[in-house]
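Student: Sequence:
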Amino acid sequence: MVGQLEIVAKNLLDINAVTLKPDEPFTWASGLHSPIYTDNRLTISFPYVRRNIAVGMTELIKHHLNDADVIAGVATAGIPHAAYVAERLQKPLIYVRSKPKDHGRGKQIEGVLKEGQKVVVIDDLLSTGGSALKAVEAVKAAGGDVIGVVAIFSYQLPALDKNFEDAGLPYYTVTNYTTLIETAKKNQMISDDQLASLHAWRKDPEKWSQEHGE
Numbered sequence: 324m325v326g327q328l329e330i331v332a333k334n335l336l337d338i339n340a341v342t343l344k345p346d347e348p349f350t351w352a353s354g355l356h357s358p359i360y361t362d363n364r365l366t367i368s369f370p371y372v373r374r375n376i377a378v379g380m381t382e383l384i385k386h387h388l389n390d391a392d393v394i395a396g397v398a399t400a401g402i403p404h405a406a407y408v409a410e411r412l413q414k415p416l417i418y419v420r421s422k423p424k425d426h427g428r429g430k431q432i433e434g435v436l437k438e439g440q441k442v443v444v445i446d447d448l449l450s451t452g453g454s455a456l457k458a459v460e461a462v463k464a465a466g467g468d469v470i471g472v473v474a475i476f477s478y479q480l481p482a483l484d485k486n487f488e489d490a491g492l493p494y495y496t497v498t499n500y501t502t503l504i505e506t507a508k509k510n511q512m513i514s515d516d517q518l519a520s521l522h523a524w525r526k527d528p529e530k531w532s533q534e535h536g537e
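Residue numbers (our numbering): 324 to 537.
Take these hints with a grain of salt, some might be off.
What the hints assert, rightly or not - In silico DSS-like cross-links for lysine-lysine, where the CA-CA straight-line distance does not exceed 30 Å:
id	residue 1	residue 2
1	LYS530	LYS385
2	LYS508	LYS430
3	LYS530	LYS344
4	LYS385	LYS414
5	LYS463	LYS441
6	LYS441	LYS457
7	LYS344	LYS385
8	LYS422	LYS333
9	LYS333	LYS463
10	LYS414	LYS437
As the list claims (entries may be wrong) - Derived Cβ-Cβ restraints for the label pairs, each shown as a range:
id	residue 1	residue 2	range
11	LYS530	GLU438	26 to 32 Å
12	THR342	PRO423	16 to 22 Å
13	LEU365	LYS530	39 to 45 Å
14	GLN511	PRO423	34 to 40 Å
15	ALA523	LYS441	38 to 44 Å
16	GLY491	GLU329	28 to 34 Å
17	MET512	LYS414	34 to 40 Å
18	GLU410	LYS530	28 to 34 Å
19	GLU488	GLY466	21 to 27 Å
20	ASP390	GLU488	41 to 47 Å
21	GLU488	LYS422	36 to 42 Å
22	ARG374	GLU347	30 to 36 Å
Derived by calculation from the structure, the hints in this document are not laboratory data.
Think of the CB as a built atom: it goes at the ideal place given N, C-alpha and C, for glycine as much as any other residue.
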């Protein structure tokens, strides 16, 4: 999977799904200053990129979560990738709303989920894992047995590992922050100093934010 890690990292950089600006930080909705901005929704517009992601996710599931019965996409960004993977694996597909509908039957899960079925939840991005783990809880509440989460990309933040450890659940990503910034350096997209700054952010985002705030 090392090759696939680098291939998808380069894909994300090439289509600007991930932008690195350690010298001109972005401000996230939380107020945190960050050297990286990610919009993996762009990937669905590039057939070769979405194919590489689907191949990577499929291989992760075959290797780590092969007893899955159902593939679940987290609304909205996880849905298309879940659909591609479900098709490759010939598995049923469901998707999980961020909250139950406020009309009709008030469903949060769309599609057919049977009691006790083993489910893999797919999202586009894992930062602290909050949205994915909310989807996990919704699937469990509907009777599913979630066996793991798969995503395109992870920031590899310490909080992510802690949250999944607390949930007693494994997660896997097609590529990750370390691979991405090393790939950017390899392709001369960033300097040595910028690479060092990017590594520092991952280790302590809040400290980095304070040091790089306006």
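Student: If a hint holds in the structure, say so; if it does not, say that too.
Tutor: Structure-based check of each hint:
1. LYS530 <-> LYS385: It is violated: about 38 Å lies between the C-alpha atoms, which goes past 30 Å.
2. LYS508 <-> LYS430: With a Cα-Cα distance of about 46 Å, the restraint between LYS508 and LYS430 is violated, given a limit of 30 Å.
3. LYS530 <-> LYS344: 17 Å, holds
4. LYS385 <-> LYS414: Status holds; Cα separation ~12 Å.
5. LYS463 <-> LYS441: 10 Å, holds
6. LYS441 <-> LYS457: Distance ~17 Å between LYS441 and LYS457 Cα, so the pair holds.
7. LYS344 <-> LYS385: 35 Å, violated
8. LYS422 <-> LYS333: 34 Å, violated
9. LYS333 <-> LYS463: 35 Å, violated
10. LYS414 <-> LYS437: Status holds; Cα separation ~13 Å.
11. LYS530 <-> GLU438: 26 to 32 Å: 46 Å, violated
12. THR342 <-> PRO423: 16 to 22 Å: With Cβ atoms ~34 Å apart, the hint is violated.
13. LEU365 <-> LYS530: 39 to 45 Å: Roughly 30 Å apart at Cβ, these two residues miss the hinted range, so it is violated.
14. GLN511 <-> PRO423: 34 to 40 Å: 48 Å, violated
15. ALA523 <-> LYS441: 38 to 44 Å: 39 Å Cβ-Cβ, so the 38 to 44 Å window holds.
16. GLY491 <-> GLU329: 28 to 34 Å: Taking Cβ atoms as reference, GLY491 and GLU329 lie about 31 Å apart, which means the hint holds.
17. MET512 <-> LYS414: 34 to 40 Å: 37 Å, holds
18. GLU410 <-> LYS530: 28 to 34 Å: Given range 28 to 34 Å: violated, Cβ gap about 43 Å.
19. GLU488 <-> GLY466: 21 to 27 Å: For GLY466 against GLU488, whose Cβ atoms are near 25 Å apart, the range 21 to 27 Å holds.
20. ASP390 <-> GLU488: 41 to 47 Å: Once the Cβ atoms are compared, 22 Å apart, the range 41 to 47 Å for GLU488 and ASP390 is violated.
21. GLU488 <-> LYS422: 36 to 42 Å: Cβ of GLU488 to Cβ of LYS422: about 26 Å, so the range 36 to 42 Å is violated.
22. ARG374 <-> GLU347: 30 to 36 Å: 33 Å, holds
Violated hints for the displayed structure, listed by number in ascending order: 1, 2, 7, 8, 9, 11, 12, 13, 14, 18, 20 and 21.
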